[in-house]
Amino acid sequence: MATRDEIADAIASLSLFADLSRPQLLGVASRFEEAFFPKDARVLRQGLTGSGFYVILDGEADVVADGLKRATLARGDFFGEVSILLGEPPIADVVATRPLRCIVLGGPDVEPFLIDHPRVLYRMLQTQSRRLRAANERTGQLSE
Amino acid sequence: MSSRSKAADGERPFPPGEYPIVVVGSGPGALQTTYFLSRLGIEHAVISADPEPGGMFRHWPFFQRLLSWTKPYAGPDRHTRAFERWDWNSLLAREPELRGMAVEFMDGTSDFPSRPEMEASLQAFTERAKLPIRHDCTWTGTRHEETADGDRFVLETTDGEYRCRFAIIAVGVAEPYSPTVPGIELAVHYADTRDASTYAGKRLFIIGKQNSGFELATGLLQWAARITLSSPSPARTSIEAGSLMGVRARYVQPFEDSALGGGVDILAASLKEISRTPDGALRIDLNRSDTSMPLTVVADEVIAATGFTCPLVDLPALGVATFGHSKLPAQTDFWESATVPGIYFAGTITQGWAGLKKHGISSYSGAVQGFRYNARILVRHIAERHFGIVLDRPTIAPADLRDYLLAEATSAPELWHQKAYLASVVTLDPEAGIVDEGILPLTTFLDGGAPEAIAVTLEADGTNIFPVIYVRHGGRQEEHVLEPDPLHDYEGGTYRRAVGAILDRVVAGASAA
Chain E
1 MATRDEIADA IASLSLFADL SRPQLLGVAS RFEEAFFPKD ARVLRQGLTG SGFYVILDGE
61 ADVVADGLKR ATLARGDFFG EVSILLGEPP IADVVATRPL RCIVLGGPDV EPFLIDHPRV
121 LYRMLQTQSR RLRAANERTG QLSE
Chain H
1 MSSRSKAADG ERPFPPGEYP IVVVGSGPGA LQTTYFLSRL GIEHAVISAD PEPGGMFRHW
61 PFFQRLLSWT KPYAGPDRHT RAFERWDWNS LLAREPELRG MAVEFMDGTS DFPSRPEMEA
121 SLQAFTERAK LPIRHDCTWT GTRHEETADG DRFVLETTDG EYRCRFAIIA VGVAEPYSPT
181 VPGIELAVHY ADTRDASTYA GKRLFIIGKQ NSGFELATGL LQWAARITLS SPSPARTSIE
241 AGSLMGVRAR YVQPFEDSAL GGGVDILAAS LKEISRTPDG ALRIDLNRSD TSMPLTVVAD
301 EVIAATGFTC PLVDLPALGV ATFGHSKLPA QTDFWESATV PGIYFAGTIT QGWAGLKKHG
361 ISSYSGAVQG FRYNARILVR HIAERHFGIV LDRPTIAPAD LRDYLLAEAT SAPELWHQKA
421 YLASVVTLDP EAGIVDEGIL PLTTFLDGGA PEAIAVTLEA DGTNIFPVIY VRHGGRQEEH
481 VLEPDPLHDY EGGTYRRAVG AILDRVVAGA SAA
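Just so you know, the sequences run in chain order E and H.
1 is the number of the first residue of the first sequence in our numbering; add one for each residue after it.
1 is the number of the first residue of the second sequence in our numbering; add one for each residue after it.
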């Protein structure tokens, strides 16, 4: 139940938006939309085109691929960007395990947003790098 | 129903008491809901704070011309389902004489009806469809009671208490909202805009760059000395967005005036403070969104075209979760509160269930052409789930299925108005055959129901409009995105071959015709 000011307040402490000034945060708050998903709702759907980019404000969700839970997401985590950047449907579901409050940006709006906000792009790249390193470490462990 | 109520309370229907369902509101969402409830014979009461039906169309848009078109000569007879694609303003009805009623009240000067024409059309629908409403009855509070006979909601009103198993709230998104910045009390809200001539020669600052802000800017171009519009993000037109999410083309003149330096400025900046200057003018301090640098505008008048919120009274205290700028209630895909079962929503509030929003494109649930279908589906859902009423479901011959799905994609008004939100669904029943389930929310199809089923939607990505076939078969779910057609005709040979190939794996003989 947030106004733009409240959304700006809520995202100011998220690492993805940590480098933005107050006016830029307000700009983000007016460009994204807030969305609410009840428990058990599927936010992202494996294999379905046209999905969006989500940043979690509150709540929790599981990443589920082919029926197997792969990760748990919580406040500050984001998802949906990979399929948008690659132009391919998501390879996993994201399912709310508690009532989930997000901000969301439609797929076609993601590229112009990231180009307008290079500091957000940089932070996103950092997170992706951490995810890639963690995945590589898991693969290494599995192969040993 | 109405006769009982009238007998008990003079000329006003629905005296306080117990009803299976209470509908709150008398705008198009409430009218559409009570219409379908009545036609299914489900007893309910309708109460409204307003003195007459019509909802927001009794007052707005301020400049008295709607944003939604009705094209009387589009081709299909106005009394048919096919005409609904071309008519964004009429309510739905089974009776032919109650269909396409917006046409009857339009004077021929525009395909966008005027506000009075829309209001008259809604009032005529109410009378001709014989929809009783208890007007001047204001909902003031809500309680939840557990009784031996099941749970009840108690709606407290200025006329007394209404008890019901289910409440359907259709009160619009009608409460003026202004942001909480220092000096906002020096601005007036869009809802309090004065007669246009009183802005003659004034420097006008409009907070907000949605349709309402540009509606005022367009209407006041000939009156105001200068007009500045500002909000934190850049403005986009519906043409650029390829959807109704942008500013409508009818309000594009301020963009041109801005581009040509004609006395209109369109800013991407956040509002910091409004203050009074020593000479009585208004100083608006802003921060540019791109550089974060300060910017100051001096104006004579400030109007907050910053939207409206849902007047949900005390429902949030009852546990109804809300979200977003408009404080919309969080809903399921059958428009039931996600947190308080038994509280349903109708009308423009149903935009609180966003659906999949594929490619970032919103549903049209915020407008009549979208929520009229939501109301029909909602009533059918309530009827079957809570009142034991089972509606007819016709069957389709296998050889007819392909053409049926493509005809739906080409002509079904529900699919055109609610893209990637509503779907035309058939189930494949081993005994009954191919059963037409009618129009359902796409998410309902995707998340459950019969193990073998097929759905068709129309979808848009901001550039093209195209049909999508969804198949649930053998424990798998598939999405087949079909190519767009420049003439939006999906019944030709290319589509028949493509859909035939999809169906042949699921339905024997589907492409035999």
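Errors might be hidden in some of the hints.
To be verified - Below, computed lysine-lysine pairings styled on BS3-like, alpha-carbon distance capped at 27 Å: (1) H:K327 - E:K39; (2) H:K272 - H:K327; (3) E:K39 - H:K357; (4) E:K69 - H:K272; (5) E:K69 - E:K39; (6) H:K327 - H:K357; (7) H:K202 - H:K272.
No lab work stands behind these hints: they were computed from the structure.
The structure presented is a predicted model; accordingly, all values stated were derived computationally and were not measured.
Violated hints, by number in ascending order, as checked against the structure:
4
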